[in-house]
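Start from chain A and add chain B according to the hints.
Protein sequence lines correspond, in order, to chains A and B. For the first sequence, position 111 (counting from the first letter as 1) is numbered 111 according to the UniProt record's numbering, and the numbering increases by one without interruption. For the second sequence, position 130 (counting from the first letter as 1) is numbered 130 according to the UniProt record's numbering, and the numbering increases by one without interruption.
Bear in mind the hints are in silico, worked out from the structure with no lab data behind them. Careful: at least some of the hints might be erroneous.
As the list claims (entries may be wrong) - Just so you have them, the derived chain A footprint on chain B, three or more residues with Cβ under 8 Å:
#1 55-66
#2 134-144
What the hints assert, rightly or not - Going by beta-carbon spacing under 10 Å, a handful of chain B positions derived as facing chain A:
#3 D2
#4 Y86
#5 A88
#6 P92
#7 R102
#8 V150
#9 V151
#10 R164
#11 L165
#12 P179
#13 S186
#14 V201
#15 L226
Don't be surprised by glycine CBs; every beta carbon is placed ideally from N, CA and C.
One-letter residues, chain by chain:
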Amino acid sequence: MTTTYGPAAIWGAILAAGLATYAIRLSFIHLFGRVEGVPPALERLLAYVPPAVLAALVAPDFVPASATVAALADPTLVGGAAAVAAAWYTEDVLWTVGAGMAGLHLARFLL
Amino acid sequence: MDTRLAELRAGVRDTLPLLLGIVPFALVAGVAGVEAGLTPLQTVGMSMVVFAGASQLAAIDLLGRDAALGVVVLTAVVINLRMMMYSASIAPHFRALSARVRAGCAYLLTDQAYALAVARYTREDEVTRPPYYYLGVGATLWLVWQAGTVVGVAFGAGVPDAWRLDFAVPLVFLALLVPVLSDRPSVAAGLVAAAVAVVAVGLPFNAGLIAGALAGVASGIAAERLGLASGGSA
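Excised from the complex, chain A in its bound form:
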């Protein structure tokens, strides 16, 4: 899918995301001395952000088209399963993407 946003909107989003990310990076590096560290409650919350956000991002891409066994033989799902297995064993981006792509195209070819 391609975006229908114009250049101003896209550059605005890039700049806003970049500035906010920079503020996060600078936060405690800048404040050190006045603030000693992240409050414990915030630290616990931050620990669950990566699993939650990544799962929420990825889950809708791997929903079967229907609740049948046949729907599981979908190239996207086969690729996703291969990627999860590779990620589990290697914890490596390259192997994971490679396995997922191989799974997708093998399934497209065979099914």
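Relative to the frame of chain A, chain B by itself:
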């Protein structure tokens, strides 16, 4: 002077093995940007301005689906919130530096630069002079990230759609997700976030993503509390 150069070099050297994971990630960022309808300049500009892979891919993915701009920015920010922990953790090692140098160092803060630098700076038996090792790591990652994005942009524009290179984006997210599901509260956070995101997928502006993330974080904290209440068996 010698220590500085040696530290810089050590940083570059220690980063080299990581590039095997960074290069394909950067290529995907470049390819995905073009596939989502961003111009080459916008895609490379994003790598320079944001310089944080997972959040870039999420932003590109959402822009390609015409999600609300607020959701695009908010999602990128939430993904990068973890850097606040890195900032706090590395700050003591940078306290002797001028405000200007610290501001420059902050721009280069990434998962890998943090992990390598903190490991070196907390090893007390070595003479380390912040920030040279950190700069060696950060500058190497930065250069490779930008170069990888440029190559990805050039490559992505010439690849037929049948190759399904766009599928690399969710695959990278899976590669990042699986290792962080390291304990039960994290698994609970991931499962609930996934379920809510799937159920709420029809919400306008892709707000289901934010709803899923919030529900996931709350579940992780709740699971942690329950685990503690039952004697820490979880």
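Hints versus structure:
{"no.": "1", "hint": "55-66", "verdict": "holds (count 8)"}
{"no.": "2", "hint": "134-144", "verdict": "violated (count 0)"}
{"no.": "3", "hint": "D2", "verdict": "violated, 27 Å"}
{"no.": "4", "hint": "Y86", "verdict": "holds, 8 Å"}
{"no.": "5", "hint": "A88", "verdict": "holds, 4 Å"}
{"no.": "6", "hint": "P92", "verdict": "holds, 6 Å"}
{"no.": "7", "hint": "R102", "verdict": "holds, 5 Å"}
{"no.": "8", "hint": "V150", "verdict": "violated, 16 Å"}
{"no.": "9", "hint": "V151", "verdict": "violated, 15 Å"}
{"no.": "10", "hint": "R164", "verdict": "holds, 6 Å"}
{"no.": "11", "hint": "L165", "verdict": "holds, 8 Å"}
{"no.": "12", "hint": "P179", "verdict": "holds, 5 Å"}
{"no.": "13", "hint": "S186", "verdict": "holds, 5 Å"}
{"no.": "14", "hint": "V201", "verdict": "holds, 5 Å"}
{"no.": "15", "hint": "L226", "verdict": "violated, 14 Å"}
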